[in-house]
Amino acid sequence: MSVQAWTYLIVGLTFALYIGIAIWSRVGTTKEYYVAGTGVHPVANGMATAADWMSAASFISMAGLISFIGRDGAVYLMGWTGGYVLLALLLAPYLRKFGKYTVPDFIGDRYYSDTARLVAVVCAIFVSFTYVAGQMRGVGIVFSRFLEVPINTGVMIGMGIVFLYAVLGGMKGITYTQVAQYCVLIFAYMVPAIFISLLMTGHVLPQTGFGADLVGSGEHLLDKLNGLSTELGFAEYTAGTKSMIDVFCITAALMVGTAGLPHVIVRFFTVPKVSDARKSAGWALLFIAILYTTAPAVAAFARVNMIETINGKDMQGVVATEAPSWINNWSKTGLIKWEDKNGDGRMFYAKDDRNEMTIDRDIMVLANPEIANLPAWVIALVAAGGLAAALSTAAGLLLVISSAISHDLLKKMILPNITEKQELLYARIAVAIAVTIAGLLGIYPPAFVAQVVAFAFGLAAASFFPAIILGVFDKRANMQGAISGMVVGIVFTAGYIIYFKFVNPAANTADNWLWGISPEGIGTIGMLLNIVVTYAISHMTAPPPEHIQELVDHIRVPRGAGAATHT
Amino acid sequence: MSKERQSAYWKANLRLVAILLSIWFVVSYGCGILLVDFLDQFQFAGFPLGFWFAQQGSIYVFVVLIFVYVRMMNRMDREHDVHED
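Protein sequence lines correspond, in order, to chains U and Z.
Under the working numbering, the letters of the first sequence match residues 49 to 615, in that order.
Under the working numbering, the letters of the second sequence match residues 8 to 92, in that order.
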């Protein structure tokens, strides 16, 4: 069977599975719609959280990104996992005990203020749309590259699938499809990784193969990689190029941002008990760690493979007409380009002016099975995995948008008298509109999608995270403090990012950055500012009312969690 | 539930969280970022040690930390009689 036939088969089967789950998990109440009736098993929630969290970027782009930047790639590896420790220890159990439906719910109630609620709603919607645009684009790209349908058709098919299970099943439908999607994506990631590790190092586990000797030459993988890198004018693979303070701040912004992302937090509202919220954070990170400890290994394997296929074992460059078929296949998609600068008919990849190649980092995962000559069904699996990763994240984000509109904005602020049935209807309408907008963003991607990812994390770090942490750990934190803190954090972070990314991109270099911190890492400073301002203003103004202090006492102990309510 | 018992539980909780987050900080920001170049002179399982912490080790420690927290908190909930069910 051809690669394409395999791809149609495997993608078709997984889609049929998602649709089946959508029909099985139809819901009839807002509680089921927003938090899956708080009946999700902690291990299932762990898987759902892992799929929710690992996006098209984690699946398709991350290994390639690490492959090109070497050790500095650790900012993503640590940044996108370490946040779960913060979630488990500082947020998840308390928010579960609080027992409402959304993050703005907590901010609005804890700070007894609709202004605070509104700030949270706006942030939640902005952060989620920023993120979802990238997912829909990812769906379209996978479709176009593997199934050779136009990107727009791919986006529409993806929209249709998400629409079906998000509208019918809300959080319940999303949860159980995410469980299935986790299984698909992790299988799809691990199979080629294990194959390649076996081929290159004889180790089954990529995690240990990564530090082993190469089969054949017996040379140590990382030594070889360092040697190749310096020979071609790159920095050593195991050495960093970013400044220490920037690595520190980017890692912190990503960690804190992760812990502050509403679509991740809300997953911990869906389990039955407080102790389940803690446990399920552990399972979530375990499931995520399987992919995240494999990715750097894939990055290293792929880099050696890629350099050797282009430059040849003898480093003279491979004659283009004799190049392996994957180079031709992927040239069509524009992910890899060769320009014969010295006219010798040979390809060459280097950092300096010998270079003749333009290589997109996404190719490292997408073309990896072909580079290593793996069977056709493995290549097809990667397509299904990429789709699972993108769709699961998109669905989680769309639910946050929908509940922010129907629950936080309509029910809590504008139309408090609507019945549960009406609220559910509004939630479904909201998700339908959100899917459509997300699809349009996928079809007509604004040029700045890649630029604004820093925004999502920076804003989550500078707004939600401090407000929630202080809401639990500082009983004295009050409305005045929280609102000023969030506003200062957001304005500072957004201002810094907008200045360097949009107003004056030419100035976006380390010399001009505040203390050498890039826009990607500035959320860390925004978060610290928020904490300082909230603390200072709270302690200068009147303490929060008695019933709020009792609420804080209440969420600090596990007993009496019961079911999530909307009263 | 009495105020004293609640505050004893909360203090014990804060102590545990402080210990675990210190470890969290040391393995990631410490070994993976601040001390990475120093640790790279040592080899571990075929990796320069600092590089291993940055791309592998810290993640393993994170997973272990959460499960340790789950166990310790379940025990602490019972000791202070604030557990569920």
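The set of hints was computed from the structure by calculation and includes no laboratory data.
Don't take every hint at face value.
Stated by the list, open to error - Okay, the calculated bits of chain Z under chain U, using three or more residues with CB under 8 angstroms as the criterion:
#, region
1, 27-39
2, 52-64
3, 69-81
4, 85-91
To be verified - Simulated pairs of lysine to any residue, SDA-like, Cα-Cα distance not exceeding 25 angstroms:
#, chain 1, residue 1, chain 2, residue 2
5, U, K272, Z, K10
6, Z, K10, U, K385
7, Z, K18, U, E594
8, U, K272, U, N353
9, U, K321, U, V51
10, U, K361, U, P372
11, U, K380, U, I407
12, U, K549, U, V520
13, Z, K10, Z, F74
14, U, K290, Z, H87
15, U, K361, U, S379
16, U, K272, Z, H87
17, U, K272, Z, Q48
18, U, K321, Z, Q48
19, Z, K18, U, R604
20, U, K385, U, D157
Predicted model only: the values in this text are computed from it and were never measured.
We put the beta carbon where it would ideally sit given N, CA and C, even for glycine.
Outcome of the hint check:
1. Given a C-beta distance limit of less than 8 angstroms, the hint that chain U covers the region 27-39 of chain Z holds, as 6 residues qualify and 3 suffice.
2. Beta-carbon proximity to chain U at under 8 angstroms applies to 9 residues in the region 52-64 of chain Z; the threshold of 3 is reached and the given coverage holds.
3. Three residues within the 8 angstroms Cβ limit are the bar, and the region 69-81 of chain Z against chain U gives 9, so the coverage statement holds.
4. Counting residues of the region 85-91 of chain Z whose beta carbon lies closer than 8 angstroms to any beta carbon of chain U gives 3, which meets the minimum of three for the stated coverage.
5. About 63 angstroms separates the Cα atoms of K272/U and K10/Z, which puts this hinted pair outside 25 angstroms; it is violated.
6. Between K10/Z and K385/U the alpha-carbon distance is near 69 angstroms, which puts this suggested pair outside the 25 angstroms criterion.
7. For the hint linking K18/Z to E594/U, the alpha-carbon distance of about 21 angstroms falls within 25 angstroms, and the restraint holds.
8. Simply put, K272/U and N353/U have alpha-carbon atoms about 11 angstroms apart, close enough for the 25 angstroms limit, and the pair holds.
9. Using a Cα cut-off of 25 angstroms, the hinted pair K321/U and V51/U is violated, with the two alpha carbons roughly 46 angstroms apart.
10. Using a Cα cut-off of 25 angstroms, the hinted pair K361/U and P372/U holds, with the two alpha carbons roughly 14 angstroms apart.
11. Taking the CA atoms of K380/U and I407/U, the gap is near 13 angstroms; set against the 25 angstroms cutoff, the hint holds.
12. For a cut-off of 25 angstroms, the pair hint linking K549/U to V520/U is broken: about 34 angstroms separates their Cα positions.
13. Note on K10/Z and F74/Z: the hinted pairing is violated, with a Cα-Cα distance of about 29 angstroms set against a maximum of 25 angstroms.
14. About 47 angstroms separates the Cα atoms of K290/U and H87/Z, which puts this hinted pair outside 25 angstroms; it is violated.
15. Proximity of K361/U to S379/U is assessed by CA-CA distance (about 22 angstroms); at most 25 angstroms being required, the pair is judged to hold.
16. The straight-line distance between the Cα atoms of K272/U and H87/Z is roughly 56 angstroms, outside the 25 angstroms bound, and the hint therefore fails.
17. Straight-line distance between C-alpha atoms of K272/U and Q48/Z comes to about 18 angstroms, which keeps the hinted pair within the 25 angstroms bound.
18. Between K321/U and Q48/Z the CA atoms are separated by roughly 46 angstroms; this puts the pair beyond 25 angstroms, and the hint is violated.
19. The hinted pair formed by K18/Z and R604/U meets the criterion: a straight-line CA distance of about 11 angstroms does not exceed 25 angstroms.
20. Between K385/U and D157/U the alpha-carbon distance is near 55 angstroms, which puts this suggested pair outside the 25 angstroms criterion.
Of the numbered hints given earlier, the model fails hints 5, 6, 9, 12, 13, 14, 16, 18, 20; all others are met.
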